[in-house]
Structure formats: structure tokens, C-alpha cells
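Visitor: Listed below are the residues making up each chain.
4 protein chains.
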Amino acid sequence: MKPTLRGADRASALLGLPGWTDCPDRDAITKTFRFRNFAEAFSFMTHVALAAERMNHHPDWSNAYDRVMITLSSHDAGGVTLRDTRLAQAIEEAAARTGSIPAP
Amino acid sequence: MKPTLRGADRASALLGLPGWTDCPDRDAITKTFRFRNFAEAFSFMTHVALAAERMNHHPDWSNAYDRVMITLSSHDAGGVTLRDTRLAQAIEEAAARTGSIPAP
Amino acid sequence: MKPTLRGADRASALLGLPGWTDCPDRDAITKTFRFRNFAEAFSFMTHVALAAERMNHHPDWSNAYDRVMITLSSHDAGGVTLRDTRLAQAIEEAAARTGSIPAP
Amino acid sequence: MKPTLRGADRASALLGLPGWTDCPDRDAITKTFRFRNFAEAFSFMTHVALAAERMNHHPDWSNAYDRVMITLSSHDAGGVTLRDTRLAQAIEEAAARTGSIPAP
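Chain order of the listed sequences is A, C, P and Y. Residues 1 to 104 (my numbering) are what the first sequence spells out, left to right. Residues 1 to 104 (my numbering) are what the second sequence spells out, left to right. Residues 1 to 104 (my numbering) are what the third sequence spells out, left to right. Residues 1 to 104 (my numbering) are what the fourth sequence spells out, left to right.
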């Protein structure tokens, strides 16, 4: 079980993850991604699903047509750990590859 | 644009969709599916995604590891229509094929 | 059933589909796509699967790690029709979105 | 790098994998799966893709509508190893979950 990221470690980890923010209601980080249509959104989700299975660490996420909202937290550790920031980094790469567009 | 389902029509449509219930806060229907693990949950989601794209009608849904919560509503009609109950039927078939287990 | 594309019509359709070539052994068109890894290749395949289901026209295809080889033909028409060139166009868009790299 | 399975070890491994056979032209094992339609076939493929990424061992496979033909071999070892029979076992479980029907 990894320790949760706090203080300067957390700020430093989030610096490399543009658009990811702390959840207001629990110790987790979140970001919303937007795509041109459902097919692009779900292709991105498939990419993320494969990364999650490879890392054995899975997101809490939701989708509505062209939007995907992802929340990451390490349930066993009770907060955000390096497993979350590593998965967030893989998600950023997937978003760059699958045509994410800026969410308004 | 299809008319929203109300009264006896809606009750009748839900009779054929066990486990689907009305949302408390908006005119929509919802059901939570549970699977043995993430891979099974996401395979089910892929099946649903293909049905949604074929029917050109998409769910609002979320996933956390082995659970998939699906909410259906026709945004243009402002409520539940036959498009939703038809998609719910396709989702039921996908759940039967991909090993859904009873959600506690 | 659509007529098969022949002669100038076919040459014209292939002009807009760079990298697609006629199969040597049957009336079909084919192209091989390459990606950075399996996750990108399979995300692309998911994008194509959704397009195929939407268009109700499906590819013959194979995958080995970072490569996806796609062959298109209209079985009922016995050759290449507009359904194939339209699916090829959707595949090109999916490849552009999911980070296809030049196949050597 | 794992040793290739030969002789009694191989026969024993294949005993637990009904329908899997040796390829005639190279040291690999193969099986064809059949489904009710494309959506079921591709959901199965997604399940297999997730297992492959988790095991970091990937199939050579092809799909035509309701059929999925899978060939397994360990390229680095030059033949069939325990990595292949383990992936084949995961594929059998995926097939059982996603509604594979007997291929004629």
C-alpha cells in the first residue's frame, strides 16, 4: 500500500498533470475530457481501460456522449497515491492520442 | 422526436425491464449492473457502446471496477421515450451475454 | 445491393484513400495500419468497430500487437462498393484520431 | 524467456483447452470462436484484449463479423510456452462469459 500524496509532493505531482484538480468532497483527483463524438470518447475509454488493467489500478469514471469525467483515488490507501498520478499520466497520453479537445 | 412515456405506457414498458427503476430526480430510468471484475464490466460496456452507436442513442453511465450504473433519457424529448426502453432492452441482452451477476 | 465499383469510378474512389490498394486475390481493398503499441492499436479497432456497427458494414481484419490489417469488400455484391469506400473513409478518420504511424 | 512446450507437457496443456489445435505451418496453437453477431464478437475481443494487456502477452487474431480466429505463440521463444496456454485459458473464460456458440 502506497502512502497518500500530500503537501508539496502532491502539488509537484499535479504540476505535471494539467487540468487535473482535487475533488472538493474526497481525497481524489479529477479531470473531464471532451471529444468530437461518442466513438472518439469510447475509443479513449478503451485505451484507458487497457492501461488500467495493465497497471491493475482502475478509475471511477462516467461518460455522457462526448464527455468522459475521470476520478482517481487509491481506495485501499484512502487517498491519492503515486498509483493515481501514474494512471493519470497514462490517461493524458491516451487523451493526446485519441483526439481529446478542450472541454469548455 | 418521440413522445415521452407516461402512465400506463411507461408502467407497461418497465414491466419488461426487470431492475430498471425511475430516477428520483429527473425523468429517466436507471439500473446498476455488477460483474466479476473490471474486464467483464468493460466488455459489457463495449457491447452496450456498439448497440448505442447502432441505435444512435447513447447512455449516461458510470463505472467503478465491477459495477456499471446506466441512466437512460431522451434529452431532446425531455424524458423517457421508446428510444430509451429499446436501448434498455439491448442492454439487458448484453448483460445476459456478458455474465452480469446480481447486484447486492 | 450496391453495384461494385469498377474502372474510373474505382480509381477515383481510391484517389481519396491513400495507402488503400486492391487485393491481388479477390475483389477487395486493403490497408495495414501501425501504432505505437497494442493499446493504441486496439483503441483504433474499437473506433472502427463503432463506425462499422453504425454503418452496418463490417471489415475483415487482423491484428498482431501494433499492426492492424483491414480488408473491405461487400460480400453480397461480390466486390468493392460505395459501402466499402465509405467505411474506408471512416477508418482513415479513426486512424488520424488514434495516432496511426506510417507502416514501414 | 520460457521454454517451449513439447511432447507430453504440450499434450497435457492442450487437454485442458478444448478446441485448441496445433497450427500446421508453425509452432503455435489456434482456435476459432463464433458468436451471434459482430457486437458479441467484438465484446469478446475486448475481454481478450484486456487479459492480454494484463498478462503482457498478445494474440495474433482476425475477425470477420461473427467469427474470431486466434493464434498464440511466444515470438521470443520461437514456439508455444506456458504464457500461451495461460492466455488460452483466459480466452476460454472470456468466451464462456461472452456467449460464444459452437463454430460449425
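Just so you know, these hints were derived from the structure itself, not from any lab. Positions of the beta carbon are idealized from the N, C-alpha and C atoms, including for glycine. Be aware that a few hints might be false.
[Said to hold, decoys possible] Here are the computed distance ranges between Cβ atoms for each label pair:
no., chain 1, residue 1, chain 2, residue 2, range
1, A, A96, Y, R86, 30 to 36 Å
2, A, P24, C, Y65, 31 to 37 Å
3, Y, L82, P, R67, 53 to 59 Å
4, P, C23, Y, L82, 33 to 39 Å
5, Y, A11, C, T21, 29 to 35 Å
6, A, R36, Y, P3, 29 to 35 Å
Visitor: Indicate, hint by hint, whether the structure satisfies it.
Guide: Verification of the supplied hints:
1. A:A96 - Y:R86: 30 to 36 Å: holds, 33 Å
2. A:P24 - C:Y65: 31 to 37 Å: Violated, at about 23 Å.
3. Y:L82 - P:R67: 53 to 59 Å: Violated, at about 25 Å.
4. P:C23 - Y:L82: 33 to 39 Å: Because 37 Å falls inside the window, the suggested range holds.
5. Y:A11 - C:T21: 29 to 35 Å: Cβ of A11 of chain Y to Cβ of T21 of chain C: about 53 Å, so the range 29 to 35 Å is violated.
6. A:R36 - Y:P3: 29 to 35 Å: violated, 48 Å
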